[in-house]
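**Student:** Please build the complete structure, drawing on both the sequences and the hints.
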Amino acid sequence: MIRSLILATAGLLALSACDRSNEGASVSINADGDNVLGAINGETGEMKIDVPGFQGSVKLPKIKIDTGNFDLNGVRLYPGSSIKTLNIVGDDKAGGLRVAFASPATPTIVRDWFARRLGKVGYQVHSEGPNLIGTTDENKPFRLELAPDGKDKATGTIVISG
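For what it's worth, the working numbering labels the leading residue of the sequence shown as 1, then goes sequentially.
Bear in mind the hints are in silico, worked out from the structure with no lab data behind them.
Please read all numbers here as calculations on a predicted model, not as lab measurements.
Using N, Cα and C, we set each Cβ at its ideal position, and we do this for glycine too.
Mixed in with the good hints, there may be bad ones.
Said to hold, decoys possible - Think about it this way: if two alpha-carbon atoms lie no more than 30 Å apart in a straight line, the pair counts; the simulated DSS-like pairs of lysine-lysine are:
1) Lys-153 - Lys-140
2) Lys-84 - Lys-151
3) Lys-84 - Lys-120
4) Lys-140 - Lys-120
To be verified - Label pairs and their computed distance ranges (CB to CB):
5) Gly-80 - Asn-139: 26 to 32 Å
6) Asn-139 - Gly-74: 14 to 20 Å
7) Asn-139 - Gly-68: 24 to 30 Å
**Tutor:** Here it is, written out as C-alpha coordinates:
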(Lines of atoms letter the chains of each structure in order from A; the text may use other names.)
(Lines give C-alpha, C1' and ligand atoms only; values in the text may rest on other atoms or scores of the structure.)
Protein backbone atom coordinates (compact mmCIF):
# COMPACT_ATOMS: atom_id res chain seq x y z
CA MET A 1 0.00 0.00 0.00
CA ILE A 2 2.79 2.42 0.91
CA ARG A 3 4.60 1.82 -2.38
CA SER A 4 1.33 2.45 -4.23
CA LEU A 5 0.95 5.78 -2.40
CA ILE A 6 4.49 6.75 -3.35
CA LEU A 7 3.98 5.76 -6.98
CA ALA A 8 0.61 7.53 -7.15
CA THR A 9 2.08 10.70 -5.70
CA ALA A 10 5.11 10.50 -8.00
CA GLY A 11 2.69 10.23 -10.93
CA LEU A 12 0.70 13.20 -9.66
CA LEU A 13 3.88 15.22 -9.36
CA ALA A 14 5.08 14.23 -12.81
CA LEU A 15 1.80 15.43 -14.29
CA SER A 16 1.73 18.61 -12.24
CA ALA A 17 2.73 21.87 -13.80
CA CYS A 18 6.26 22.93 -12.93
CA ASP A 19 6.51 26.42 -11.53
CA ARG A 20 9.76 28.23 -10.89
CA SER A 21 8.13 31.05 -8.91
CA ASN A 22 8.26 31.25 -5.12
CA GLU A 23 4.92 29.44 -4.82
CA GLY A 24 5.45 25.71 -4.62
CA ALA A 25 3.43 22.97 -2.97
CA SER A 26 4.93 20.88 -0.18
CA VAL A 27 4.05 17.19 -0.33
CA SER A 28 4.68 14.43 2.21
CA ILE A 29 3.89 10.73 2.34
CA ASN A 30 3.91 9.08 5.77
CA ALA A 31 3.59 5.46 6.85
CA ASP A 32 2.30 6.68 10.19
CA GLY A 33 2.18 10.02 11.94
CA ASP A 34 5.96 10.28 12.39
CA ASN A 35 7.62 8.15 9.69
CA VAL A 36 8.00 10.26 6.54
CA LEU A 37 8.66 8.07 3.50
CA GLY A 38 8.78 10.81 0.92
CA ALA A 39 8.54 14.58 0.88
CA ILE A 40 8.90 17.57 -1.41
CA ASN A 41 9.80 20.92 0.09
CA GLY A 42 7.63 23.57 -1.57
CA GLU A 43 10.14 26.34 -0.93
CA THR A 44 13.29 24.63 -2.23
CA GLY A 45 11.97 21.95 -4.60
CA GLU A 46 14.02 19.26 -2.82
CA MET A 47 12.47 15.78 -2.91
CA LYS A 48 13.54 13.18 -0.33
CA ILE A 49 12.62 9.50 -0.33
CA ASP A 50 13.35 7.10 2.53
CA VAL A 51 11.88 3.62 2.01
CA PRO A 52 13.31 0.18 2.76
CA GLY A 53 16.07 -0.44 0.24
CA PHE A 54 16.34 3.15 -1.01
CA GLN A 55 17.20 6.57 0.34
CA GLY A 56 17.86 9.65 -1.69
CA SER A 57 17.14 13.24 -2.49
CA VAL A 58 16.93 15.23 -5.67
CA LYS A 59 16.28 18.87 -6.50
CA LEU A 60 13.17 19.38 -8.64
CA PRO A 61 11.56 22.49 -10.05
CA LYS A 62 8.93 23.83 -7.68
CA ILE A 63 5.53 22.43 -8.48
CA LYS A 64 2.20 24.14 -8.32
CA ILE A 65 -0.77 21.86 -7.77
CA ASP A 66 -4.08 23.47 -8.71
CA THR A 67 -7.70 22.53 -9.35
CA GLY A 68 -6.80 20.43 -12.38
CA ASN A 69 -4.46 18.20 -10.35
CA PHE A 70 -6.70 17.24 -7.43
CA ASP A 71 -10.24 16.01 -6.85
CA LEU A 72 -12.43 14.23 -4.30
CA ASN A 73 -14.67 11.80 -6.22
CA GLY A 74 -14.70 14.21 -9.13
CA VAL A 75 -15.05 17.37 -7.02
CA ARG A 76 -12.10 19.64 -7.70
CA LEU A 77 -10.93 22.53 -5.55
CA TYR A 78 -12.74 25.84 -5.91
CA PRO A 79 -11.77 27.41 -9.29
CA GLY A 80 -8.49 29.30 -9.15
CA SER A 81 -7.33 27.57 -5.95
CA SER A 82 -3.84 26.24 -5.43
CA ILE A 83 -2.53 23.61 -3.04
CA LYS A 84 0.05 24.70 -0.47
CA THR A 85 0.64 21.33 1.24
CA LEU A 86 -0.48 17.77 0.56
CA ASN A 87 0.11 15.17 3.30
CA ILE A 88 -0.75 11.53 2.79
CA VAL A 89 -0.68 9.13 5.74
CA GLY A 90 -1.00 5.44 4.99
CA ASP A 91 -0.69 2.53 7.34
CA ASP A 92 -2.60 -0.65 8.07
CA LYS A 93 -4.66 0.94 10.86
CA ALA A 94 -5.74 4.29 9.50
CA GLY A 95 -4.80 6.26 6.45
CA GLY A 96 -5.61 9.85 5.87
CA LEU A 97 -5.25 12.92 3.73
CA ARG A 98 -4.60 16.53 4.70
CA VAL A 99 -4.61 19.24 2.03
CA ALA A 100 -4.00 22.93 2.70
CA PHE A 101 -4.99 25.32 -0.07
CA ALA A 102 -5.65 28.96 -0.97
CA SER A 103 -8.79 30.12 -2.80
CA PRO A 104 -9.71 33.40 -4.52
CA ALA A 105 -13.08 33.67 -2.76
CA THR A 106 -14.44 34.21 0.75
CA PRO A 107 -14.73 31.26 3.15
CA THR A 108 -18.54 31.29 2.85
CA ILE A 109 -18.47 31.12 -0.95
CA VAL A 110 -15.89 28.30 -0.91
CA ARG A 111 -17.80 26.38 1.81
CA ASP A 112 -21.13 26.60 -0.04
CA TRP A 113 -19.48 25.65 -3.34
CA PHE A 114 -17.98 22.51 -1.76
CA ALA A 115 -21.19 21.62 0.12
CA ARG A 116 -23.26 21.54 -3.10
CA ARG A 117 -20.76 19.45 -5.02
CA LEU A 118 -19.73 17.02 -2.26
CA GLY A 119 -23.39 16.27 -1.48
CA LYS A 120 -23.88 15.18 -5.09
CA VAL A 121 -21.07 12.57 -4.82
CA GLY A 122 -22.30 10.99 -1.59
CA TYR A 123 -20.60 13.02 1.12
CA GLN A 124 -22.78 13.78 4.16
CA VAL A 125 -21.70 17.26 5.28
CA HIS A 126 -23.15 20.16 7.23
CA SER A 127 -21.98 23.69 7.90
CA GLU A 128 -20.40 24.55 11.21
CA GLY A 129 -19.53 28.25 11.01
CA PRO A 130 -17.27 28.68 7.98
CA ASN A 131 -16.43 24.95 8.00
CA LEU A 132 -17.94 21.73 6.63
CA ILE A 133 -18.07 18.68 8.86
CA GLY A 134 -19.27 15.17 8.03
CA THR A 135 -18.31 11.95 6.28
CA THR A 136 -17.13 10.87 2.85
CA ASP A 137 -19.07 8.52 0.60
CA GLU A 138 -17.06 5.72 2.30
CA ASN A 139 -18.19 6.92 5.75
CA LYS A 140 -14.76 8.29 6.69
CA PRO A 141 -14.57 11.46 8.81
CA PHE A 142 -14.35 14.59 6.65
CA ARG A 143 -13.59 18.17 7.66
CA LEU A 144 -13.13 21.32 5.58
CA GLU A 145 -11.76 24.19 7.67
CA LEU A 146 -11.82 27.67 6.12
CA ALA A 147 -10.52 31.06 7.22
CA PRO A 148 -10.37 34.48 5.56
CA ASP A 149 -7.09 35.48 3.95
CA GLY A 150 -7.37 39.18 3.22
CA LYS A 151 -10.22 40.62 1.20
CA ASP A 152 -12.26 38.09 -0.81
CA LYS A 153 -9.77 35.22 -0.32
CA ALA A 154 -9.67 32.14 1.87
CA THR A 155 -7.27 29.52 3.12
CA GLY A 156 -8.59 26.06 3.70
CA THR A 157 -7.64 22.64 4.96
CA ILE A 158 -9.32 19.41 3.93
CA VAL A 159 -8.86 16.53 6.38
CA ILE A 160 -10.05 13.00 5.65
CA SER A 161 -9.32 10.44 8.37
CA GLY A 162 -9.21 6.68 8.02
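**Student:** Are the hints correct? Go through all of them and say.
**Tutor:** Hints and how they fare:
| no. | hint | in the structure |
| --- | --- | --- |
| 1 | Lys-153 - Lys-140 | holds (28 Å) |
| 2 | Lys-84 - Lys-151 | holds (19 Å) |
| 3 | Lys-84 - Lys-120 | holds (26 Å) |
| 4 | Lys-140 - Lys-120 | holds (16 Å) |
| 5 | Gly-80 - Asn-139: 26 to 32 Å | holds (31 Å) |
| 6 | Asn-139 - Gly-74: 14 to 20 Å | holds (18 Å) |
| 7 | Asn-139 - Gly-68: 24 to 30 Å | holds (28 Å) |
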